[in-house]
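Protein chains in written order, with this note's numbering: chain G, -8 to 205; chain X, -8 to 205.
It is worth saying that the hints were derived from the structure and are not from the lab.
Some clues are possibly wrong.
One copy or any two copies: either way a pair holds, since identical chains are not told apart in the list.
[What the hints assert, rightly or not] Lysine to aspartate or glutamate pairs mimicking DMTMM-like chemistry, simulated, CA-CA at most 25 Å apart:
id, residue 1, residue 2
1, K13, E66
2, K76, E131
3, K170, E66
4, K76, D49
5, K41, E52
6, K13, D77
7, K170, E109
8, K76, D150
9, K76, D65
10, K199, E66
11, K41, E134
As the structure is a computational prediction, the values presented were derived from the model and not from experiment.
Protein chains: 2
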Amino acid sequence: MKLIGYFRSSAAFRVRIALNLKGIAVEHAFRHLRRGEQRAPDYAALNPQKLVPALVLDSGEVLTQSLAILEYLDETHPDPPLLPKDAVGRARVRSLALIPTADIHPIQNLRVMAYLREKYDQSEEGTLAWSRHWIETGFEAYEASVAGNRHTGAYSHGDQPTMADLCLVPQVFNAARFKVDMSKFPTIQRIHATCLKHPAFDAAQPSKQPDAEA
Amino acid sequence: MKLIGYFRSSAAFRVRIALNLKGIAVEHAFRHLRRGEQRAPDYAALNPQKLVPALVLDSGEVLTQSLAILEYLDETHPDPPLLPKDAVGRARVRSLALIPTADIHPIQNLRVMAYLREKYDQSEEGTLAWSRHWIETGFEAYEASVAGNRHTGAYSHGDQPTMADLCLVPQVFNAARFKVDMSKFPTIQRIHATCLKHPAFDAAQPSKQPDAEA
């Protein structure tokens, strides 16, 4: 399999953690998002959504959208699982995973910031304030969902990493880049610290990727 | 079970279609999003994310995030299935479902438009143009993913409705409200028309809900 990603992409970061957790070795290829390489015709032919990541299977099939890839990896490489066994627990984990994946990251990512700057005449500070606002709004929802909840453990759900943590950690990295005040989110901070002690999360972080830039 | 929704919420609309397809009868309750009723303390206690829909199980457990609810309904009421049987097909359907769910709707929904208007001094036309842009960008990705793909059938994947269609149809309704030129998306239009002939989709549409407004 080949993962096409970008060191700073939250979505690719989620998939890298899953591959590490499950011990799946893949070839790595890169598309430089700031240079717009994901819009090149050869990549659009592979992934018409023109986003990273894409996972190219040995059969030639191309999987896209990080959450769909996480579900695929969990179905085809079930050990260790990314979801709990009970249906209600699975729903809780997926709901938590969707807070960064649907409610935060798509609103504050590179392409939205670029659009705000170019078409809505926003300064650098205006776009940063935008991103901070949506990260904080989403983190308030995440914090309220995990703080004091009896299903929360060392990780977001119980004492093993789940899909929720795989989506949370890249968003916390983004929050740091945008200087979000994390002191309002103590449970997120605690879970994030636990995750980073896990080698699968640590090895997946942006600065440790072959295409990393300062 | 009780579904807490709002007639015009895309996310609630997705869940209504799934319930209809699977023949699951639920009690319906409503939170008026334009009046901000989803932020009331009694609702926040139930769903700390302060978004609709929420599905309250007979056990009292509360499920949130539409895609997590769709997966739960499919696991607990498998017939008819919302996902194909093969892992690669499941990944394709989930990836398609995530285009409206993660890449379009969160960027163009009510709260983002309100924030643009209030904090970024945008006129009504400025916020409408914003929403149209993100719907068109996402629909270009969806159209490119289904047009000419051998897995596309009468519906987005094969000849039965899947999770992808449940997420696509509410987004097409939104596109109509925002006057998106749909002639650029002939495959989406064809699939949408097929879906609306299905009673499960038809009965779920906003104008046919008890809380509908003109």
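One pair to classify: K41 and E134, alpha carbons no more than 25 Å apart. Within, between, both, or neither?
between (32 Å within a copy, 13 Å between copies)
Is it within, between, both, or neither for K170 and E109, if the alpha carbons may be no more than 25 Å apart?
Classified as both: same-chain Cα gap 23 Å, cross-chain 23 Å, threshold 25 Å.
Between copies, within a copy, both or neither: which fits K76 and D49 at Cα up to 25 Å?
between (29 Å within a copy, 20 Å between copies)
Is it within a copy, between copies, both, or neither that the alpha carbon of K76 lies no farther than 25 Å from that of D65?
both (12 Å within a copy, 15 Å between copies)
Up to 25 Å between alpha-carbons, please classify K13 paired with E66: within, between, both or neither.
For K13 and E66, the Cα distance is within 25 Å both inside one copy (12 Å) and across copies (23 Å).
How would you label the pair K199, E66 (within, between, both, or neither) given a Cα cut-off of 25 Å?
neither (27 Å within a copy, 38 Å between copies)
At 25 Å max between alpha carbons, let me know whether K41 reaches E52 within a copy, between copies, both or neither.
For K41 and E52, the Cα distance is within 25 Å only inside one copy (16 Å; across copies 38 Å).
Could you figure out if K13 and D77 sit no more than 25 Å apart (CA to CA) within one copy, between two copies, both or neither?
both (21 Å within a copy, 20 Å between copies)
Up to 25 Å CA-CA - E66 versus K170, copy category:
neither (36 Å within a copy, 40 Å between copies)
Copy assignment of K76 with D150, given that the CA separation must stay at most 25 Å
Classified as within; 14 Å inside a copy, 31 Å across copies.
One pair to classify: K76 and E131, alpha carbons no more than 25 Å apart. Within, between, both, or neither?
Intra 27 Å, inter 37 Å, cutoff 25 Å: neither.
In summary, the structure is inconsistent with hints 2, 3 and 10 from the numbered list given earlier, while agreeing with the others.
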